[in-house]
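> Each chain, letter by letter, is given below.
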Amino acid sequence: MAILRLNKVRIGAIAVGAVLALGVSACGGGDDDSSSGGGGGDAASSVTIGFMGDLTGENSGIVIPPKQGAQLAIDEYNATNPKTKITLKEYDSQGRPEQATPLAKTAITQDKIVGLIGPAFSGESAQVGPVLEEGKVPSISPSATNAKLAQNGWKYWHRVIANDNVQGAGIATFITNGLGAKKVFVIDDASEYGKPLGQTVKQSVESGGATTSVDSIDAQASDYGSTVNKAKAFAPDAIFFAGYYAQGGKLLKQLREGGVDARFLSGDGSLDAGLAKGAGGKVADGSVIGCPCLIDPAGEASPASKKFADAYKAKFNNDAAIYAAEGYDAATAFITAIKAGNTTAEKINAALSSVDVAGVGKQVKFGSNGEVTATDVFVYEVKGDTLPLLGNAKEAKLG
Amino acid sequence: MKTNESTRERTNGSPTVTNGRPSFAALTPRARDLAGRLPAALRAPGLPLAFPFAVLGLVADLFRDWWGRQTGYVRWAIYGLLIVGALLLPSEQVGGFMSPYSDWAQLLFFPIGGYILLAIGLNVVVGQAGLLDLGYVAFFAIGGYTMAVFGTKFGWSFWEILVLGVLLSALSGVILGAPTLRLRGDYLAIVTLGFGEIIRIAARNTDYIGGPNGISGIPHPPTLSEWTVPESEPFTTLGLAGIAPLKYGALDGRPYYYLMLAAIVVTIIFVKRLESSRVGRAWASIREDEDAAELMGVPTFKFKLAAFAIGAAIGGAAGVIYGSQATSIIPRNYEFIISATILAAVVLGGSGNLPGVMLGAFLVAWIPERIRGLQEYRILVFGGVLVLLMIFRPEGLLPSRRRKAELAEGTGGMGSLGAEVGGPTTHAAAEVGK
Amino acid sequence: MLQGFIDQFWPSTIDGLALGSIYALIALGYTMVYGVLRLINFAHSEIFMIGTFAALATLHGLSLSPVGGFSLVLLVAVLALIAGAVSGGSAVLLEFIAYRPLRRRGASRLAALISAIGASIFLQQLFARVVIPWWFDLPKEKGPLPIQEHFVERSNVIAIGDFVVSIDKFLIFAGAIIMMLALDLLVNRTKLGRGIRATAQDPETAVLMGVNIDRIVTATFAIGGAMAGVAAALFIMRFEETNYFVGFLLGIKAFTAAVLGGIGNLRGALAGGLVLGLIEMYGSSIFGSEWRDVVAFSVLVLVLMFRPTGIFGESLQQARA
Chain A
0 MAILRLNKVR IGAIAVGAVL ALGVSACGGG DDDSSSGGGG GDAASSVTIG FMGDLTGENS
60 GIVIPPKQGA QLAIDEYNAT NPKTKITLKE YDSQGRPEQA TPLAKTAITQ DKIVGLIGPA
120 FSGESAQVGP VLEEGKVPSI SPSATNAKLA QNGWKYWHRV IANDNVQGAG IATFITNGLG
180 AKKVFVIDDA SEYGKPLGQT VKQSVESGGA TTSVDSIDAQ ASDYGSTVNK AKAFAPDAIF
240 FAGYYAQGGK LLKQLREGGV DARFLSGDGS LDAGLAKGAG GKVADGSVIG CPCLIDPAGE
300 ASPASKKFAD AYKAKFNNDA AIYAAEGYDA ATAFITAIKA GNTTAEKINA ALSSVDVAGV
360 GKQVKFGSNG EVTATDVFVY EVKGDTLPLL GNAKEAKLG
Chain B
0 MKTNESTRER TNGSPTVTNG RPSFAALTPR ARDLAGRLPA ALRAPGLPLA FPFAVLGLVA
60 DLFRDWWGRQ TGYVRWAIYG LLIVGALLLP SEQVGGFMSP YSDWAQLLFF PIGGYILLAI
120 GLNVVVGQAG LLDLGYVAFF AIGGYTMAVF GTKFGWSFWE ILVLGVLLSA LSGVILGAPT
180 LRLRGDYLAI VTLGFGEIIR IAARNTDYIG GPNGISGIPH PPTLSEWTVP ESEPFTTLGL
240 AGIAPLKYGA LDGRPYYYLM LAAIVVTIIF VKRLESSRVG RAWASIREDE DAAELMGVPT
300 FKFKLAAFAI GAAIGGAAGV IYGSQATSII PRNYEFIISA TILAAVVLGG SGNLPGVMLG
360 AFLVAWIPER IRGLQEYRIL VFGGVLVLLM IFRPEGLLPS RRRKAELAEG TGGMGSLGAE
420 VGGPTTHAAA EVGK
Chain C
0 MLQGFIDQFW PSTIDGLALG SIYALIALGY TMVYGVLRLI NFAHSEIFMI GTFAALATLH
60 GLSLSPVGGF SLVLLVAVLA LIAGAVSGGS AVLLEFIAYR PLRRRGASRL AALISAIGAS
120 IFLQQLFARV VIPWWFDLPK EKGPLPIQEH FVERSNVIAI GDFVVSIDKF LIFAGAIIMM
180 LALDLLVNRT KLGRGIRATA QDPETAVLMG VNIDRIVTAT FAIGGAMAGV AAALFIMRFE
240 ETNYFVGFLL GIKAFTAAVL GGIGNLRGAL AGGLVLGLIE MYGSSIFGSE WRDVVAFSVL
300 VLVLMFRPTG IFGESLQQAR A
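Chains as they are written, first to last, in numbering that gives the first Met the number 0: chain A, 0 to 398; chain B, 0 to 433; chain C, 0 to 320.
It should be emphasised that the hints constitute simulated quantities derived from the structure, not laboratory data.
Misleading hints may appear alongside valid ones.
Beyond 12 Å from chain B on every Cβ pair, some chain C residues (computed) [claimed, not checked]:
#1 W9
#2 I166
#3 I177
#4 R193
Computed list of lysine-lysine pairs in BS3-like fashion (alpha-carbon distance at most 27 Å, straight line) [unchecked claim]:
#5 K154(A) to K152(B)
#6 K246(B) to K135(A)
#7 K152(B) to K147(A)
#8 K246(B) to K154(A)
A short list of chain B residues far from chain A (calculated; beta carbon distances all over 12 Å) [stated by the list, open to error]:
#9 P47
#10 L48
#11 P51
#12 Y78
#13 L80
#14 L107
#15 D288
Where is the CB? At the ideal position from N, CA and C, for every residue including glycine.
Isolated chain A, as found in the complex (with noise of 0.2 Å):
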């Protein structure tokens, strides 16, 4: 997801560091850390991946299912006794790229890691992204959709997500064919994520055949009354929100107190039970959030997510939860690469590029640009506190 951090907080911005990850607190003092795999001389018989995002801030609450989903594939890796084992790394950025830097730095000098999970925003990774390329350490994020990072000609940067131009081509699809709206009021947060997100469905419909009108919210603000006027005003078919769930359930429950009653659509962003809390009671039943990601805690898309869903709930006694299957594929091809006997960055950055498994939601398979392959955009249903799965954006239609 292409955020920094949710909601700007004084705090955590006065610190311009962020909260420690649990992990590096437990492995405090790396620096006389043995396991330094990739560069070490000794026999190289574990080597360190790191995972980085926001651990412990605003957003730390879809950050830590993918980095759960790392652990879990790679548990599961180790669990079969390789020649190789991996040791998986944390470091909190609270998701800002000033602290997300010199910890990458840290990273690549002091504990060597072979391979990067993350950073999960696209902030982050818009700033650590030349850090790692001239580490030469290869990188997976899980979750960091913006369409520009795949535009700097990186070579040592991937991510198992499709990027928003993908996502936001996705949902306009759905609004114009699934829901055939012809009126749609476009509302982003004014962020990294949500802006370029709205651009791209309101873009995407108009090509549709739809007209749009559009409007930001301030996601601090906590009244989003002049954005509701100018809804009503417009009187849309649907009404699509580029955010994050905070602000998308109280800008819903808005909306419906101010009697804009057009069907409500968001992105990635969304994808969370907290829309409806924040919305209040069914205020938000009938919401449809799309989202490149696949989340199934019930397993019902493939044998393989049914496997997954049921081993991460084992482990960690939580439904898998947004990105938890993209952690877990990130993870599953560093696994692939380190499997086939590279222990080196390089050499794990080379074999990452042929790399072609089946992964939970998709087939983990890189462009020569990093970007995943796949560009299936699945949208989900708001009914109650739960998001069922509606299907692929292309073909799903509203029951």
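Keeping the supplied structure of chain A fixed, place chains B and C upon it in accordance with the hints.
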């Protein structure tokens, strides 16, 4: 720097404060005195907390007395030693203690170095001219965006942009200051706060400069020299071997730190010269009593505008250097909290006193990184520390003598809180009085 | 652009007045403390935040089904009382710990400002990391979440074409006016109020005249905090949700409102709040909501250029607190 003159100034500075040198025997009374100002309920638990502050005050006094007695040569030697010490700072041995959780060289560049440069700039406005600026981050942002726009869209080099960024920031300082500097005190504070927000939101809403996504792919400064510190003694022991200090890449933060260090040293020299010039004296007079200054023929508006422009220029320089290292900037990098943090650094260190301000900036940048082990509670602790420091040392950690004198003869109670934004600094003001 | 303004004129006006009323109530706290101590009490936004949590925790404990009409008025009155008491108490405590020692030492206002910023950070984090997870029993790994409690059944008090006033917006506006009148009486007609005014005008003379300054300062913080608490209860009624940084933006806006009206001036705070609320809503309907804050701050700069001490000026003799 004319050392003779500054010696004279310092000794003349404020003879009232220290009749005789302070001694360590005075420590307990001092601490008791500090704690005694707490509300009754907090007095007993406050006493042990007050001790470190009393020690600090004493050491600072002793050092100041010693410094006042030194000749120019000794002072120059100390300046040299300080710079050598700063050059050695990125050593891994130092980093292991100072920052066990994150890359030390990177932290030294930003936030530590960056905050110090920003604090020096803000100190010109707040500490020297006595104007409360709550939107200082705007100039940091203007510098950063200048770097980003001219680096990516027009292909200018870092050094050209540095000059341009400084000029543009200074210009924006003038544009902000011209209509608002007639306002006093807290009206100015809220207007500057608003200006900082306007700059950030306008950047966020302007598609030409990337909107909320900002600008990425900002070029690094061109490599000046491939020269590398040799892999031999003493550099191996010092942990500095293998650095290419003039080659600016993405991975090694140390060359940027040296760049920032150079900027800080140049800025200090510039600001110090200003302080002991006509401009510095004019600022002091404005700070102490603007009306009187105006009546005495000081063109207050002109000098206030100059303070704003100079402060802005320094903030802009910090922004350009940060932008070139970060390679991508977004409007979120420039939130109000940076202004508040830098202001806290200035006041915490001792508004108006350059070494104090730098110490304050260092602490504000370093403490939250050093206490990463406290995990999510560390910002909580940081907020509490800020309050405690202000309770026990409201004049700042290393205040100037003049400020302490003001406090000593102050009425206490409501007086000072009701007064104008107080500014310290020393000799310049004393000269005006002569 | 202007079409948007015309189309949305009445809804914008009503929303603007409702928002402005909340600004005004919070602004009262800033303006009173400023009037007496010449201090920008940055932590006042956290006093408001504490009030929202006090109201929400009360509702959480009651676990009501949605109420409307007269029982809503009663419920909000109770919430306002509780939130007012908690916020008022917190403000007094804040003054006692973070400002009083500084006053005793004759510290500069700048030092007090930093202490206020520190206290603000501390309180926000205290709620984010300790109080909220403990109070609402939340798992730590989900991060600091917003807290909701849906309890209002909305109905319209007035509905003539576009001119629709729902009960919550009406109550906010009414609440702000009532609190303002009560405060005006308190400051202008009671002995305590006279003490506050005297201290604001000239602390030293006030001391000589037998005013107990510490008592006055405590009372000022208590009253200002209580106003923030009432604002918090009304805010909770309208939005039914809060989080630990809710005070930040509202606080900055409320302070802007106080300056706009003329800081240190009670009626100015009310006027400034309402004007700011309207400007924000009208500005959003013309330029788009993303320019809302830019419009608000630009108007502030313009007003101060022509009236350097705000719309009403600093010392409106009688009303000045």
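> Is the Cβ of L48(B) more than 12 Å away from each Cβ in chain A?
Nearest chain A Cβ is 22 Å from L48(B), so the label holds.
> For L80(B), which was marked as not at the interface, is the minimum beta-carbon distance to chain A over 12 Å?
28 Å, holds
> Holds or violated: are the alpha carbons of K154(A) and K152(B) at most 27 Å from each other?
23 Å, holds
> Over 12 Å from every CB of chain A: does P47(B) meet that, or does the non-interface label fail?
27 Å, holds
> Run the C-beta distances from P51(B) to all of chain A and say if the shortest one exceeds 12 Å.
23 Å, holds
> For D288(B), is the shortest CB-to-CB distance to chain A above 12 Å, so the non-interface label stands?
34 Å, holds
> Taking C-beta pairs only, is W9(C) more than 12 Å away from all of chain B?
27 Å, holds
> Is I166(C) truly not at the interface, in the sense that its beta carbon sits beyond 12 Å from all beta carbons of chain B?
The claim stands: I166(C) keeps its Cβ more than 12 Å from every Cβ of chain B (closest is about 33 Å).
> Hey, does Y78(B) actually stay past 12 Å from chain A on C-beta?
29 Å, holds
> For the pair supplied as a hint, K152(B) and K147(A), is the alpha-carbon distance within the 27 Å limit?
16 Å, holds
> Given the hinted pair K246(B) and K154(A), is their Cα-Cα distance within 27 Å?
22 Å, holds
> Does I177(C) clear chain B by more than 12 Å, comparing its Cβ with all Cβ atoms of that chain?
28 Å, holds
When each numbered hint is compared with the structure, a violation occurs for hint 14 only.
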